[in-house]
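Chains A and B, in that order, are what the protein sequence lines are. With numbering that gives the first Met the number 0, you'll find the first sequence wraps up at 318, consecutive numbering, no jumps. With numbering that gives the first Met the number 0, you'll find the second sequence wraps up at 290, consecutive numbering, no jumps.
Hints were generated in silico from the structure; no laboratory data involved. It is possible that part of the hints are untrue.
Calculated pairs, DSSO-like style, for lysine-lysine (alpha carbon to alpha carbon, straight line, at most 30 Å) [claimed, not checked]:
#: 1; chain 1: A; residue 1: 209; chain 2: A; residue 2: 225
#: 2; chain 1: B; residue 1: 80; chain 2: B; residue 2: 63
#: 3; chain 1: B; residue 1: 119; chain 2: A; residue 2: 23
#: 4; chain 1: A; residue 1: 128; chain 2: A; residue 2: 27
#: 5; chain 1: A; residue 1: 225; chain 2: A; residue 2: 128
#: 6; chain 1: B; residue 1: 80; chain 2: B; residue 2: 68
#: 7; chain 1: B; residue 1: 119; chain 2: A; residue 2: 171
#: 8; chain 1: B; residue 1: 63; chain 2: A; residue 2: 23
#: 9; chain 1: A; residue 1: 267; chain 2: A; residue 2: 280
#: 10; chain 1: A; residue 1: 171; chain 2: A; residue 2: 280
#: 11; chain 1: B; residue 1: 3; chain 2: A; residue 2: 225
#: 12; chain 1: B; residue 1: 189; chain 2: A; residue 2: 128
#: 13; chain 1: B; residue 1: 119; chain 2: A; residue 2: 27
#: 14; chain 1: A; residue 1: 27; chain 2: B; residue 2: 189
#: 15; chain 1: A; residue 1: 251; chain 2: A; residue 2: 209
#: 16; chain 1: B; residue 1: 3; chain 2: A; residue 2: 209
#: 17; chain 1: A; residue 1: 225; chain 2: A; residue 2: 251
#: 18; chain 1: B; residue 1: 189; chain 2: B; residue 2: 119
#: 19; chain 1: B; residue 1: 119; chain 2: A; residue 2: 128
From chain A, some residues computed to sit far from chain B (all C-beta separations above 12 Å) [said to hold, decoys possible]:
#: 20; residue: 90
#: 21; residue: 97
#: 22; residue: 217
Every value quoted in this text rests on a predicted model; they were computed, and no experiment measured them. Each residue gets a CB set at the ideal place from its N, CA and C atoms; glycine is no exception.
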Amino acid sequence: MKAGTKYSIIPLFRHTIYYEMVTKMEEKANRRRERRHDFLLSLCFLSPSFLGVAVFFIVPFGVVVYYSLIDGVGSQNFVLFDNFIRLFQNSAFRMASRNTLHFSVIAVPLAVILAIVLALLLEARIPLKSQFRTFFLSPMMVPVASVVLIWQVLFNYNGTVNEFLTLFGADKIDWFQSDYCQIVVMLLFLWKNLGYNMILFMAALSNIPKELLEVADVEGASEWYKFFAIKLRYLSPTVLFVTILSLINSFKVFREVYLLTGDYPYEKLYMLQHFMNNTFKSLDYQKLSAAAVVMALVMVVLIALLFRAEDRFGKDVEG
Amino acid sequence: MRKKRYFSRGVMFLLCAVFAVMFLLPTVLTITNSFMSEAEIKSNYGMIFSTTTGGYVSKTVNLKFIPDKVTLSQYVTGLIKSPEYLIKFWNSVFLVVPIVLFQVAVACVAAYSFTRWRSKVRSGIFFFYVILMLMPYQVTLVPNYLVSDWLGLLNTRWAIILPGIFAPFSVFLLTKFMRRIPYSLIEAAKVDGAGEWEIFTQICLPQCRSAIYSIAILVFIDYWNMVEQPLILLQDADAQPLSVFLSQINAGEIGLAFAMATVYMVPSLLIFLHGEEYLVEGIANSGSVKG
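Excised from the complex, chain A in its bound form (with noise of 0.2 Å):
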């Protein structure tokens, strides 16, 4: 019987792969299954929010896109990139975006900078730090309307600051109407946005390893060294994220810009949000849809390249 050790040997082999060949499958199954379960739980958890957000946000901004692309509400002609070549041809447009880029290209980096600043005299050890905490982030309960109308005083023609000026023989300024108005809603920006960029520095500050500062101390490293060697490091993830912020906060600093000077403000000062406004006013969904889609495609170049950075530096502190 030849066959005979060939009968004993293969069902063996083939046993043994069969049974590795179940086994995985069964764990194959298994972990589809699971895999399954758990994307029906996840689904659970998710879909009151994604829904809201697909019926509020996602869906509409579809809309918009498809309205960016044809060439009047209600008709359904393709213009492709005809509004968007209207919109760049737009003198208001352009100058909108100009001053748009030009206010958060200063005072975003401001607000960070200036935070960090204010979270690092904080961070000494000086009395009251709870107090002046609590002071810095006091502009945030301040409702629109009296920020508004202190503004006015204060920057007035005739106003607190000009007056405080004409003390010191420096000319008045017509803060308003003049090249200066972006320092005006700079400040504005700045008030109300510091303290609670600051609150995240701090936070970021205390979750530095303490040896790691007390290492340094040891060694003699000066402040300098100390802050730019080790905190800024941890700092980094942080820096992103109030860039972030602040970003979405430089935009949301036209409530006031409006209510201090209306539709048409001075040039310096009319932003793209001015320009959606009146665009939106005057029922030029087109146009209107190409900025926002624009202005979208802009923010989303913007994120990605800010997670590219927090890629590159952020990793090595990050746990």
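Position chain B relative to chain A; hints supplied.
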């Protein structure tokens, strides 16, 4: 050496004090000016808002902290004589309280989903949320308007409440916080036979209580001061919140505006003083953007 340290500390203290005064100034001004009579306000700021006639109007603007004579007359006109302010105050409450409660509730559940299960698809969705969160209001304005028009919500409270509930901001913040909860805690609960809902309510939620409070405070402050949304979505003046009304107060009623702003500040002040510790604590663990 020690002397030098005291000196630098003194400089820091002074710097902080100067900053603090600047930051506190508008708050203090709002409160003190609300106790001035209309005539005094007019003589102080008449210059700026000089559309009204009659009475003494000064040539320059006087920024004054302490009223000549403390009166409650503004409060009397605002709160007792004309009930419209109180009605608008309640409008604000009815708009903001549901938004805060439901936004945080929806966000908790969604954040748990983002924390507990991760995959390519879900992190894609999360990135999408981040982008939506960052869209300036002017971009979401049109979509918002369209949707509330289709659903027939325009000019009802729901046009503001519903999009508010689903705003992705708190989902983002809460997810960042929940991801800091040690996985071993969840694992241990699972071994002990807890279901997902139990893990969520018994472990996750208690762990991020301070984060939930801090997010609720932020959302409250954001919506308490909203102006744009009601202006566009809720054009019925009787239903608009006080924040809109305050921002439209006309030149003759500056004193009244200060008084009503002070009244309007009270809820945020209370919530703030009560929850400041949570605000600080809640952030302490959130950290970076991605997680």
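Hints, verified against the model:
The hinted pair formed by residue 209 of chain A and residue 225 of chain A meets the criterion: a straight-line CA distance of about 12 Å does not exceed 30 Å. Among the hinted pairs, residue 80 of chain B with residue 63 of chain B is consistent with the structure: their alpha-carbon atoms are about 27 Å apart, no more than 30 Å. Between the alpha carbons of residue 119 of chain B and residue 23 of chain A the distance comes to roughly 24 Å, so the proposed pair stays at or under 30 Å and holds. Note on residue 128 of chain A and residue 27 of chain A: the hinted pairing is violated, with a Cα-Cα distance of about 58 Å set against a maximum of 30 Å.
For the given pair, residue 225 of chain A sits about 22 Å from residue 128 of chain A by alpha-carbon distance, which is consistent with the 30 Å threshold. Distance check on the hinted pair: residue 80 of chain B and residue 68 of chain B sit about 21 Å apart at the alpha-carbon level, within 30 Å; holds. Only pairs whose Cα atoms come within 30 Å are accepted, and residue 119 of chain B paired with residue 171 of chain A is rejected, the gap being roughly 59 Å. With a C-alpha separation of about 81 Å, the suggested pair residue 63 of chain B and residue 23 of chain A falls outside the 30 Å cut-off, and the hint is violated.
Between residue 267 of chain A and residue 280 of chain A the alpha-carbon distance is near 21 Å, which keeps this suggested pair within the 30 Å criterion. Distance restraint check for residue 171 of chain A and residue 280 of chain A: the Cα-Cα separation of roughly 36 Å exceeds the 30 Å cut-off, and the hinted pair is therefore not satisfied. For the proposed pair residue 3 of chain B and residue 225 of chain A, the alpha carbon gap of about 19 Å is at most 30 Å, so the pair holds. Pair hint residue 189 of chain B plus residue 128 of chain A does not hold up; C-alpha atoms about 43 Å apart against a cutoff of 30 Å.
Between residue 119 of chain B and residue 27 of chain A, the direct Cα distance comes to roughly 20 Å. Compliance with the 30 Å bound is thereby established for this hinted pair. Our distance criterion of 30 Å between C-alpha atoms is met by residue 27 of chain A and residue 189 of chain B, whose separation comes to about 22 Å. Among the hinted pairs, residue 251 of chain A with residue 209 of chain A is inconsistent with the structure: their alpha-carbon atoms are about 37 Å apart, more than 30 Å. In summary, the hint linking residue 3 of chain B to residue 209 of chain A is supported, as the alpha carbons are separated by about 24 Å, within the 30 Å threshold.
Of the supplied pair hints, the one linking residue 225 of chain A and residue 251 of chain A is violated, its CA atoms being roughly 35 Å apart against a limit of 30 Å. Between residue 189 of chain B and residue 119 of chain B the alpha-carbon distance is near 24 Å, which keeps this suggested pair within the 30 Å criterion. Taking the CA atoms of residue 119 of chain B and residue 128 of chain A, the gap is about 44 Å. The hint is violated against a cut of 30 Å. With a closest Cβ-Cβ approach of about 19 Å to chain B, residue 90 of chain A is found to remain outside the 12 Å limit, as its non-interface label requires.
No Cβ of chain B approaches the Cβ of residue 97 of chain A within 12 Å, the least distance being about 16 Å, so the stated non-interface status holds. Distance check on residue 217 of chain A: its Cβ is at least 16 Å (rounded) from any Cβ of chain B, clearing the 12 Å threshold; non-interface status holds.
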